[in-house]
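Trainee: With chain D fixed as given, assemble chain V onto it according to the hints.
Line by line, the protein sequences are chains D and V. Read in order, the letters of the first sequence are residues 1 to 325 in my numbering. Read in order, the letters of the second sequence are residues 1001 to 1325 in my numbering.
The reader is advised that the hints may include incorrect statements.
[Said to hold, decoys possible] Short derived list, chain D residues pointing at chain V, Cβ under 8 Å:
id	residue
1	H188
2	A219
3	G220
4	P221
5	L228
[Claimed, not checked] Pulled a few chain D residues facing chain V out of the computed Cβ check, cut under 10 Å:
id	residue
6	E45
7	V129
8	A174
9	Y176
10	G187
11	S189
12	I190
13	L191
14	A216
15	A217
16	L224
17	L234
18	G255
19	H256
[Said to hold, decoys possible] Quick list of the computed label-pair ranges, beta carbon to beta carbon:
id	chain 1	residue 1	chain 2	residue 2	range
20	D	A198	V	S1103	34 to 44 Å
21	D	G268	V	P1276	45 to 55 Å
22	V	H1188	D	L297	27 to 37 Å
Think of the hints as simulated: they come from the structure by calculation, not from any bench. Since we're looking at a predicted model, the values are computed, not measured. Using N, Cα and C, we set each Cβ at its ideal position, and we do this for glycine too.
2 protein chains.
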Amino acid sequence: MMTDEQTALIALDWGTSSLRAFRLSAGGRVLESRASDHGIQHLPEPGLPGFEAAFAAICGDWLAARPVPVVAGGMVGSAQGWAEVPYLPCPADLSQLPGAAASVRTAAGQEILIAPGLIHDPEGGTPDVMRGEEIQIAGAIAARPDWQASATLVLPGTHSKWARIRDGAVAGFATYMTGEIFALLRGHSILGRLMTDAPAAEGAHAAAFAKGVAMAAEAGPGDLTRQLFGTRTLGLTGRMAGGVLADFCSGLLIGHEIVSGLAAAPEGPVLLVGSPALCARYAGALEQISGRAPAALIENPAPQGLYRLACDAGLLSPNAEDTHA
Amino acid sequence: MMTDEQTALIALDWGTSSLRAFRLSAGGRVLESRASDHGIQHLPEPGLPGFEAAFAAICGDWLAARPVPVVAGGMVGSAQGWAEVPYLPCPADLSQLPGAAASVRTAAGQEILIAPGLIHDPEGGTPDVMRGEEIQIAGAIAARPDWQASATLVLPGTHSKWARIRDGAVAGFATYMTGEIFALLRGHSILGRLMTDAPAAEGAHAAAFAKGVAMAAEAGPGDLTRQLFGTRTLGLTGRMAGGVLADFCSGLLIGHEIVSGLAAAPEGPVLLVGSPALCARYAGALEQISGRAPAALIENPAPQGLYRLACDAGLLSPNAEDTHA
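Isolated chain D, as found in the complex (with noise of 0.2 Å):
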């Protein structure tokens, strides 16, 4: 008779503005989550006290109940985090990870893995980072060996990460600030100020996104910044309606970095990570620019990353049957 499977490992996603806790089996399965605003800007008192108080506030219970290796991801290991962990550089064997972690030590005792980030630092370019999204492309492409081989990774967001996969390892990334821009223009900018919420026509939303994005396919170098200004013209002259200018400018941006980001891209599947609604625009523009279907949309692979680092540092058997009291 099955009952409850037992915890193996407690996996933390702790980002600048929110902290999110797994409590895994020791397959690997996700028995409970939950969340916190505590991200590392957002810690209830500064400093190591306060990495202290959120640690124990989300699972100090569940520490309590059965003590487990604790593994952590993401700003948690950045220059404001709980200890500053150095940059990975790429090429980046993903099951490397846990060679350039690092550990600290709660007061009770606890020990917690923090994951490092990458550094992507082209002779002759400009250097790129990530810190928290190399745990969100080790758990997308865990389960599938081809993915692993050869893969275009996007992680849509304030800043889009595109990441290539090369034989297990992240061969170099790119970083877009189309989802800050966005924001942005919508909030601060001229654009924002004919930019409604009146209700458009059924399909008004998504003509106007793909009306930005088929721009974005036939842009020149250099065109971003006035092709932008349509918004503005084309709502002054009513050719489009103030409920669906914002979708123009999405477009815009969107259709922007996938036209820069598939040229930059090997052949082989493209797999979109985030959340479903910020996806679907994406897998739409791609589809769009280039026919390409995304192979795969992963909403939050974060949990099988951590897992997976928790894994290749030895903290528990990948292979471990979970235990059945």
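Mentor: Showing chain V alone in chain D's frame:
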């Protein structure tokens, strides 16, 4: 014996945030200029009384001393202005601006001729608009038949304009949001956090700007929002000092604008119109990208453009000798 030239025209450059007035001779010489902060969004009181009051304050005494024609250009002719003057479509013969102008009459009976803006609405493209720049363009090329025949005018700023001149007409133009996006990134984005006012080594500002321009020159379509993130990573990794990160970001944005603008520019002279400091940045980037030197840097041709408007409207004769008492 020569005495002071007499006033023959009062010309107003009336924008969103400022109002400038010029007292001109019959030959088009600026005898006196004044500026106030009574732009159309900053009138002393709302609506028509605000326009009347701002007008009386800046040039009422000039008109009392000698009644002369008054012309105006800029946002004073917009929907939020004293009177809305419809856009003149491109290709727009600059000598035909008066035919699309409108007049208002003050409570005191003074007529003011207000110039139209321009709209460029290419088939299959997005429309673009300008209001005020057409006056600067008219003034910039007024004295040079060769520039009237063929030239590219660049007016850098919050919303930079690139205008193509052919046979005395504005054949078309494009707007780039360069200045506004730079201000947003510096003031409100993650990029601004690493920018400082720290003193930089000699030449470091220029070198950082040139690096941004060089990256723009090599960019493919859609690369801008990726390259912008380099402002953060170059700062984070200590490869560029905080005091020059704004220069790098500026070089990227201006470089992208120039790459795109030149792709649509015909052969022939490129003229830069605007503040000397900003025009110098554009001149440097233009030469770095294309090897082309600007044919001229023109600081403020608005008085000459308004003078030409008055002449073309028949309000005074362009061949009149300045009056000598």
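Trainee: Would you mind marking each hint as holding or not holding in the structure?
Mentor: Hint check:
A cut of 8 Å between beta carbons decides the hint on H188 of chain D: the least distance to chain V is about 6 Å, and the hint holds. Checking A219 of chain D against chain V by beta carbon gives a least distance of about 5 Å; that is within 8 Å, so the hint holds. With its C-beta approaching chain V no nearer than about 6 Å, G220 of chain D sits inside the 8 Å limit, and its interface hint holds. The beta carbon of P221 of chain D is positioned within 8 Å of a beta carbon in chain V (closest approach about 5 Å), and the interface hint is therefore held.
Nearest Cβ of chain V to the Cβ of L228 of chain D: about 5 Å, under the 8 Å cut. The hint holds. For the restraint placing E45 of chain D at the interface with chain V, the shortest Cβ-Cβ distance is roughly 23 Å, beyond the 10 Å limit, so the hint is violated. Annotation: V129 of chain D was flagged as interfacial toward chain V, and the flag holds, the nearest CB pair being 6 Å apart, inside 10 Å. The interface hint given for A174 of chain D holds, since its Cβ lies 5 Å from the closest Cβ of chain V, which is under the 10 Å cut-off.
The closest approach between the C-beta of Y176 of chain D and any C-beta of chain V is roughly 5 Å, which is under the 10 Å cut-off, so the hint is satisfied. Below 10 Å, beta-carbon pairs count as interface contacts, and G187 of chain D has one with chain V at about 8 Å; its hint therefore holds. For S189 of chain D, the interface hint holds, the least distance from its beta-carbon to any beta-carbon of chain V being 6 Å, beneath 10 Å. The closest approach between the C-beta of I190 of chain D and any C-beta of chain V is roughly 7 Å, which is under the 10 Å cut-off, so the hint is satisfied.
Hint status for L191 of chain D relative to chain V: holds, with the closest Cβ pair at about 8 Å, below 10 Å. Below 10 Å, beta-carbon pairs count as interface contacts, and A216 of chain D has one with chain V at about 7 Å; its hint therefore holds. A least Cβ separation of about 9 Å between A217 of chain D and chain V falls short of the 10 Å threshold, and the interface hint therefore holds. Of the supplied interface hints, the one on L224 of chain D holds, with its beta-carbon coming within about 5 Å of a beta-carbon of chain V, less than 10 Å.
For L234 of chain D, the suggested interface contact is upheld, since its CB lies about 6 Å from the closest CB of chain V, less than 10 Å. For G255 of chain D, the interface hint holds, the least distance from its beta-carbon to any beta-carbon of chain V being 8 Å, beneath 10 Å. The beta carbon of H256 of chain D is positioned within 10 Å of a beta carbon in chain V (closest approach about 4 Å), and the interface hint is therefore held. Restraint check, A198 of chain D to S1103 of chain V: a C-beta distance of roughly 36 Å satisfies the suggested window 34 to 44 Å.
For the pair G268 of chain D and P1276 of chain V, the beta carbons lie near 52 Å from each other, so the given range of 45 to 55 Å is met. Our hint of 27 to 37 Å for H1188 of chain V and L297 of chain D holds, since their Cβ atoms are close to 31 Å apart.
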